[in-house]
Amino acid sequence: MRITLIGMSNVGKSYWSEKLEKSGFKRFCCDDMIEKKLEPILKKEGYSGIHDMSKWMGQPYEEQYDDNARKYIFHETEVLKEILDYIKKNKGNNIVVDTTGSVIHTNNIILHQIKMLTDVIYLKTSSSEVEKMLKSYIEHPKPVFWSNQFQKGENESDMKALKRCYPKLISFRRLLYNRFADKTIYGEKLRYKNINENDFIKKINEA
Numbered sequence: 001m002r003i004t005l006i007g008m009s010n011v012g013k014s015y016w017s018e019k020l021e022k023s024g025f026k027r028f029c030c031d032d033m034i035e036k037k038l039e040p041i042l043k044k045e046g047y048s049g050i051h052d053m054s055k056w057m058g059q060p061y062e063e064q065y066d067d068n069a070r071k072y073i074f075h076e077t078e079v080l081k082e083i084l085d086y087i088k089k090n091k092g093n094n095i096v097v098d099t100t101g102s103v104i105h106t107n108n109i110i111l112h113q114i115k116m117l118t119d120v121i122y123l124k125t126s127s128s129e130v131e132k133m134l135k136s137y138i139e140h141p142k143p144v145f146w147s148n149q150f151q152k153g154e155n156e157s158d159m160k161a162l163k164r165c166y167p168k169l170i171s172f173r174r175l176l177y178n179r180f181a182d183k184t185i186y187g188e189k190l191r192y193k194n195i196n197e198n199d200f201i202k203k204i205n206e207a
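Using the numbering used here, read the sequence shown as starting at 1 and increasing by one per residue.
Treat each hint with caution, since some may be false.
[To be verified] Derived DSS-like pairs (lysine-lysine); straight-line CA-CA distance at most 25 Å:
1) K142 x K44
2) K160 x K142
3) K19 x K132
Hints are computed from structural coordinates only; laboratory data are not their basis.
Model the full structure from these sequences, guided by the hints.
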């Protein structure tokens with residue numbers, strides 16, 4: 001079984017991929033692999049770890065953001081190429097790919113190969129979760145590729161613009177996730193029930 005988990009940050013991709021890893025799946029964590037690729041740049045600028053990578057990338061209103069966001073997506077694409085090469089050479093293995101929220105912003109060739117070689121599972125968030133996700137993003141930032149979804153209004157503060165545009169980013173990504181996914185399940189609900197990795201696989205098969 002080869003699974004690619006997609007969706008926004010904090011929806012449960014890492015939670016479920018780690019559970020599957022414990023049950024014997026080969027796990028690829030794109031966040032960790034991208035950080036490894038960026039390590040020389042991050043170290044040079046005094047950064048380390050996923051939260052520092054977010055500081056390095058910056059927010060869409062900061063000067064360094066556009067350049068660093070391009071570097072981030074480039075390395076994310078390279079990471080996905082490596083994962084796809086592994087999958088092609090190890091077709092009999094159980095594999096789970098824990099993607100970043102920005103996987104759908106890489107390129108169509110990569111996305112097509114992911115769909116050809118794995119089952120793409122969209123861990124969907126409900127509309128009621130948006131406020132909670134925004135709060136989590138502000139308090140514990142992760143690198144986010146905004147894809148032109150951030151636009152600051154006249155006389156609008158940076159934070160006010162961020163809070164206004166974040167739901168727009170989620171809506172935009174939902175469209176892309178829905179197009180890309182083979183199957184969709186509500187990710188956040190699964191974490192609050194007594195569900196193990198076998199039940200999770202069953203949910204995928206039933207979707």
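Verification of the supplied hints:
no.	hint	in the structure
1	K142 x K44	holds (20 Å)
2	K160 x K142	holds (18 Å)
3	K19 x K132	holds (24 Å)
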